[in-house]
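**Student:** Residue strings, one per chain:
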Amino acid sequence: MLAKLMDKIQAVGRTGTSVIEAIGRGTLLLKNSLLWGGPGSAGFHDLLKQIYSVGVRSLIIIVVAGFFVGMVLGLQGYNILIDFGSEAALGTMVSLTLLRELGPVVTALLFAGRAGSALTAEIGLMKATEQLSAMEMMGVDPFKRVITPRLWAGIISMPILALLFSTVGIWGGAFVAVDMLGIDDGAYWGNMQASVEFYEDVVVTWIAVYQGYDSVPTSEGIGKATTQTVVISSLAVLGLDFVLTAVMLGGV
Amino acid sequence: MSVSQPYVSVRGMSFSRGDRLIYNNMDVDFPRGKVTAIMGPSGTGKTTLLRLIGGQLLPDSGSIMVDGHNVPDLSRKDLFDLRRKKMGMLFQTGALFTDLNVFDNVAFPLRVHTDLPESMIRDLVLMKLEAVGLRGARHLSPAELSGGMARRVALARSIAMDPEIIMYDEPFTGLDPISMGMIVKLIRGLNEALGLTSLLVSHDVEESCAIADYLCLLSDGRVIGFGTPEELMNEGNDEVRQFLRGEPDGPVPFHYPADDYRADILAGVN
Numbered sequence: 006m007l008a009k010l011m012d013k014i015q016a017v018g019r020t021g022t023s024v025i026e027a028i029g030r031g032t033l034l035l036k037n038s039l040l041w042g043g044p045g046s047a048g049f050h051d052l053l054k055q056i057y058s059v060g061v062r063s064l065i066i067i068v069v070a071g072f073f074v075g076m077v078l079g080l081q082g083y084n085i086l087i088d089f090g091s092e093a094a095l096g097t098m099v100s101l102t103l104l105r106e107l108g109p110v111v112t113a114l115l116f117a118g119r120a121g122s123a124l125t126a127e128i129g130l131m132k133a134t135e136q137l138s139a140m141e142m143m144g145v146d147p148f149k150r151v152i153t154p155r156l157w158a159g160i161i162s163m164p165i166l167a168l169l170f171s172t173v174g175i176w177g178g179a180f181v182a183v184d185m186l187g188i189d190d191g192a193y194w195g196n197m198q199a200s201v202e203f204y205e206d207v208v209v210t211w212i213a214v215y216q217g218y219d220s221v222p223t224s225e226g227i228g229k230a231t232t233q234t235v236v237i238s239s240l241a242v243l244g245l246d247f248v249l250t251a252v253m254l255g256g257v
Numbered sequence: 711m712s713v714s715q716p717y718v719s720v721r722g723m724s725f726s727r728g729d730r731l732i733y734n735n736m737d738v739d740f741p742r743g744k745v746t747a748i749m750g751p752s753g754t755g756k757t758t759l760l761r762l763i764g765g766q767l768l769p770d771s772g773s774i775m776v777d778g779h780n781v782p783d784l785s786r787k788d789l790f791d792l793r794r795k796k797m798g799m800l801f802q803t804g805a806l807f808t809d810l811n812v813f814d815n816v817a818f819p820l821r822v823h824t825d826l827p828e829s830m831i832r833d834l835v836l837m838k839l840e841a842v843g844l845r846g847a848r849h850l851s852p853a854e855l856s857g858g859m860a861r862r863v864a865l866a867r868s869i870a871m872d873p874e875i876i877m878y879d880e881p882f883t884g885l886d887p888i889s890m891g892m893i894v895k896l897i898r899g900l901n902e903a904l905g906l907t908s909l910l911v912s913h914d915v916e917e918s919c920a921i922a923d924y925l926c927l928l929s930d931g932r933v934i935g936f937g938t939p940e941e942l943m944n945e946g947n948d949e950v951r952q953f954l955r956g957e958p959d960g961p962v963p964f965h966y967p968a969d970d971y972r973a974d975i976l977a978g979v980n
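As given, the protein sequences belong to chains A and B, one line each in that order.
Quick note, our numbering runs 5 ahead of the 1-based positions in the first sequence.
Quick note, our numbering runs 710 ahead of the 1-based positions in the second sequence.
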């Protein structure tokens with residue numbers, strides 16, 4: 006009985022240390038790949054290729070999701086605001102909600118699912134098929150060739166995607182509000198402010214490449230790492246979102 | 711460095727993975743300009759030895775000298791320089807970059823490490839591909855290659871930078887007899903043509919004996935036999951002979967250590 010209890014306690018400790026170790030390794034990876042090479046460490050062409058595969062290929066899901074989220078916000082907001090006779094504020098509500106909260110967060114979540122998991126699987130596969138080892142043995146640093154351009158591609162494309170998401174979302178809102186519900190054009194497009202959150206974007210890409218690089222090089226390991234990427238990124242995005250919102254709005 | 715000095719010299723090297731001691735205070739020399747086959751039962755850490763020599767793993771203690779450089783002591787930058795200038799490695803799967811075609815795979819190290827004009831890179835790549843007989847396959851993608859072809863392309867890539875030592879990790883595994891024959895011919899031929907030092911990890915006694923100048927037999931983290939194939943076949947100890955002849959029982963027992971059989975069976979009855 007006591008022995009079993011001790012086992013449990015030890016297991017908790019082991020998990021704790023391995024989590025902290027993983028955070029340490031991840032931080033080193035981030036430090037090494039960002040300090041050692043700028044966006045063009047593997048050549049400008051390669052960076053463009055990565056931006057295409059993480060950014061451009063995520064466009065459709067981001068744009069479509071943004072449009073629908075915007076339309077839903079428009080409908081919901083209209084039904085609430087009309088009770089108070091302030092449906093003229095609908096445009097401000099939709100745009101602020103999207104720019105401050107939903108845009109970056111939903112983009113980050115979608116990005117984690119679409120591009121993050123793909124990044125993890127790709128790097129994990131390169132590790133499992135010894136491509137990363139082969140690169141090392143050729144005297145080529147896989148950090149610079151593989152990790153750095155993907156990190157930068159994520160860092161560059163995510164804010165743009167988030168902005169696109171919000172823009173399309175606002176159009177979606179306008180489509181519902183102005184064209185379907187008949188709110189005044191000028192009122193909807195009134196006063197809109199912009200503030201983009203960058204941090205979540207960095208975190209998602211970082212977690213994705215780290216999970217890939219640190220994965221167990223087997224098919225099972227890659228599957229697990231891919232799931233981990235989506236789960237951990239999503240949680241990190243939501244957690245970080247709260248912290249950032251609290252700081253930004255100055256409430257806490 | 712005189713010619714007679716070994717190219718790779720391991721002294722007092724210990725390495726453990728988790729709680730398991732893989733190498734315990736091992737000494738071994740690999741002669742310059744020769745093909746040495748590293749053999750031994752599965753799980754003895756033959757591939758691990760290649761990774762230690764290549765600096766991908768660090769030993770717990772001891773030195774691993776490669777052409778006068780102690781690999782575990784090198785800084786990350788010096789290690790990458792040493793690999794670039796002197797080492798080539800052929801991985802079991804070939805490890806070709808899946809997003810590049812055959813030509814670009816072989817050109818990869820040249821493009822990264824040199825400032826040569828594209829026309830010269832083209833010539834060099836075609837020469838390397840011709841050496842492995844795959845000049846005509848330059849436009850294929852790795853997915854279109856058979857296992858043997860992939861390994862030959864990988865071989866062309868690992869000699870692209872003209873290394874001094876090539877390490878082959880299980881080069882014969884999973885090949886049909888023709889591909890196997892090609893790889894055997896290439897390993898021997900490249901060794902002679904380029905004056906390479908070749909280290910070869912393999913299970914295949916027959917092929918290894920056919921091309922290796924020396925055999926190095928590992929078991930339980932130590933060297934149990936080192937010499938020419940003939941020497942070991944004739945004069946090696948029981949353990950060496952059991953391995954080379956593939957006998958199922960001998961110094962390496964057929965049975966995993968267990969309690970007494972009779973007692974074990976009867977324990978279930980009571």
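Read the hints as simulated data drawn from the structure, not as lab findings.
Treat the hints loosely; a few may be bogus.
Result set (DSSO-like, lysine-lysine): computed pairs, CA atoms no more than 30 Å apart in a straight line [said to hold, decoys possible]:
no. : chain 1 : residue 1 : chain 2 : residue 2
1   : B       : K895      : B       : K787
2   : A       : K36       : A       : K149
3   : B       : K895      : A       : K36
4   : B       : K796      : A       : K36
5   : B       : K795      : A       : K149
6   : B       : K744      : A       : K36
7   : A       : K54       : B       : K895
Model, not experiment: these values are computed from the prediction.
**Student:** Against each hint, give a clear statement of whether it holds in the structure.
**Tutor:** Hints and how they fare:
| no. | hint | result |
| --- | --- | --- |
| 1 | B/K895 - B/K787 | violated (35 Å) |
| 2 | A/K36 - A/K149 | holds (12 Å) |
| 3 | B/K895 - A/K36 | violated (45 Å) |
| 4 | B/K796 - A/K36 | holds (29 Å) |
| 5 | B/K795 - A/K149 | holds (19 Å) |
| 6 | B/K744 - A/K36 | violated (42 Å) |
| 7 | A/K54 - B/K895 | violated (39 Å) |
In this structure, the earlier hints numbered 1, 3, 6, 7 are contradicted, and the remaining ones agree with it.
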